[in-house]
Amino acid sequence: EAGVVQSPRYKIIEKKQPVAFWCNPISGHNTLYWYLQNLGQGPELLIRYENEEAVDDSQLPKDRFSAERLKGVDSTLKIQPAELGDSAVYLCASSYTGADTEAFFGQGTRLTVV
Amino acid sequence: DAKTTQPNSMESNEEEPVHLPCNHSTISGTDYIHWYRQLPSQGPEYVIHGLTSNVNNRMASLAIAEDRKSSTLILHRATLRDAAVYYCILRGGGTSYGKLTFGQGTILTVHP
Chain R
1 EAGVVQSPRY KIIEKKQPVA FWCNPISGHN TLYWYLQNLG QGPELLIRYE NEEAVDDSQL
61 PKDRFSAERL KGVDSTLKIQ PAELGDSAVY LCASSYTGAD TEAFFGQGTR LTVV
Chain S
1 DAKTTQPNSM ESNEEEPVHL PCNHSTISGT DYIHWYRQLP SQGPEYVIHG LTSNVNNRMA
61 SLAIAEDRKS STLILHRATL RDAAVYYCIL RGGGTSYGKL TFGQGTILTV HP
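From first to last, the protein sequence lines stand for chains R and S. Residue 103 in the numbering used here sits at position 103 of the first sequence, with consecutive numbering throughout. Residue 44 in the numbering used here sits at position 44 of the second sequence, with consecutive numbering throughout.
For the record, the hints were derived by calculation from the structure and aren't laboratory data. Backbone N, C-alpha and C define an ideal beta-carbon position, used for all residues, glycine too. One should not assume that every hint holds.
[Said to hold, decoys possible] Below 25 Å or equal to it, Euclidean Cα-Cα: the simulated DMTMM-like pairs (lysine to aspartate or glutamate) are:
#, chain 1, residue 1, chain 2, residue 2
1, R, Lys11, S, Glu45
2, S, Lys99, R, Asp86
3, S, Lys3, R, Asp100
4, S, Lys99, R, Asp57
5, S, Lys69, R, Glu44
6, R, Lys11, R, Glu68
7, S, Lys69, R, Glu102
8, S, Lys99, R, Glu52
9, S, Lys3, R, Glu52
10, S, Lys99, R, Glu53
11, S, Lys3, R, Glu68
12, S, Lys99, R, Asp63
13, S, Lys3, R, Asp57
14, S, Lys99, R, Glu14
[Stated by the list, open to error] Listed next, with one range per pair, are the computed distances between beta-carbon atoms:
#, chain 1, residue 1, chain 2, residue 2, range
15, S, Arg77, R, Gln41, 42 to 52 Å
16, R, Leu84, S, Ala63, 41 to 51 Å
17, R, Gly3, S, Pro17, 42 to 52 Å
18, S, Ile74, R, Ala2, 24 to 34 Å
19, S, His76, R, Leu70, 36 to 46 Å
20, R, Lys71, S, Arg58, 28 to 38 Å
21, R, Glu68, S, Ile74, 38 to 48 Å
22, S, His111, R, Glu52, 41 to 51 Å
23, R, Lys11, S, Glu45, 15 to 25 Å
Only chain R is shown next, with the shape it has when bound in the complex (with noise of 0.2 Å):
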């Protein structure tokens, strides 16, 4: 088993330019998250999918924020246009549903932009 797989690991870009990142979660993983984590924070949830429908976006900026599952499996997050304030670590986690399971992280992207 791979874990959870996010690509690419780093990525720099210039302000107003679009980006996206990609999670592979782990097989058969009903629920997925993104999570932003700010050099020093604890991860800052942006949503939460329970297969493909988003239940939790409410921390999810969505005027430059963008993210899909489809068919309940990998899943994309975009910014559009960047800000120097979304320099960041970007995290997937995925875990089956319920409050008695373990959550699987994946490595994360960095990104920087300037």
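Use these hints to put chain S onto chain R, whose structure you have.
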């Protein structure tokens, strides 16, 4: 969301036990207590979780107070590889079913 309170940092010596406390006075009956840790430059990793009874696994033990308003993660013999940020999280329950909300965590420093 029910919140947790942890010390900002703790220190330990190698091969000594470490007790990491967490307060969660507003926990609901359906909330599970989860612990994750994050090593430098890595994503968080699961450590342990429980509901009411104490739990043990190969990584750690989780001691849960009888009223469930606090818990303690126990590392029986700390190693340098245990230096990380440890997060205590309530995963529940109700309208937040399955939600995993991180706080600031406790930075654990292990001295050789």
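Outcome of the hint check:
Between Lys11 of chain R and Glu45 of chain S the CA atoms are separated by roughly 23 Å; this keeps the pair inside 25 Å, and the hint holds. A hinted pair counts as satisfied when its Cα atoms are at most 25 Å apart, and Lys99 of chain S with Asp86 of chain R qualifies at roughly 23 Å. Only pairs whose Cα atoms come within 25 Å are accepted, and Lys3 of chain S paired with Asp100 of chain R is accepted, the gap being roughly 18 Å. This hinted pair checks out: Lys99 of chain S and Asp57 of chain R have alpha carbons roughly 11 Å apart, not beyond 25 Å.
For a cut-off of 25 Å, the pair hint linking Lys69 of chain S to Glu44 of chain R stands: about 24 Å separates their Cα positions. At roughly 20 Å between alpha-carbon atoms, Lys11 of chain R and Glu68 of chain R fall within 25 Å of each other, so this suggested pair holds. Proposed proximity of Lys69 of chain S and Glu102 of chain R is supported: the alpha carbons are some 21 Å apart, at most 25 Å. The hinted pair formed by Lys99 of chain S and Glu52 of chain R meets the criterion: a straight-line CA distance of about 16 Å does not exceed 25 Å.
As the CA atoms of Lys3 of chain S and Glu52 of chain R are separated by approximately 28 Å, the hinted pair breaks the 25 Å bound. Taken as a hint, the Lys99 of chain S and Glu53 of chain R pair is honoured in the structure, with Cα atoms around 14 Å apart against an allowance of 25 Å. Restraint check: the Cα-Cα separation between Lys3 of chain S and Glu68 of chain R comes to about 29 Å, which exceeds 25 Å; the hinted pair is violated. With a CA separation close to 23 Å, the supplied pair Lys99 of chain S and Asp63 of chain R stays within the 25 Å bound.
For the hint pairing Lys3 of chain S with Asp57 of chain R, the CA-to-CA distance comes to about 20 Å; that is within 25 Å, so the pair holds. Distance restraint check for Lys99 of chain S and Glu14 of chain R: the Cα-Cα separation of roughly 33 Å exceeds the 25 Å cut-off, and the hinted pair is therefore not satisfied. Range check, Arg77 of chain S to Gln41 of chain R: about 30 Å between beta-carbon atoms, so the 42 to 52 Å window is missed. A beta carbon spacing of about 44 Å between Leu84 of chain R and Ala63 of chain S agrees with the range 41 to 51 Å that was offered as a hint.
Remark: the range hint 42 to 52 Å for Gly3 of chain R to Pro17 of chain S is contradicted by a beta-carbon distance near 30 Å. Distance hint check: the CB atoms of Ile74 of chain S and Ala2 of chain R are about 31 Å apart, consistent with the given range 24 to 34 Å. For His76 of chain S and Leu70 of chain R, the Cβ-Cβ distance of about 45 Å falls inside the hinted range of 36 to 46 Å, so the restraint holds. Lys71 of chain R and Arg58 of chain S have their C-beta atoms about 35 Å apart, which keeps the hinted 28 to 38 Å range intact.
Between Glu68 of chain R and Ile74 of chain S the beta carbon distance is about 41 Å. The supplied range of 38 to 48 Å therefore holds. Distance hint for His111 of chain S and Glu52 of chain R: a CB-CB separation of about 48 Å, consistent with the stated range 41 to 51 Å. Hint check: Lys11 of chain R to Glu45 of chain S, Cβ distance near 23 Å, so the stated range 15 to 25 Å holds.
In the structure shown, a violation is registered for the earlier hints numbered 9, 11, 14, 15, 17, in ascending order.
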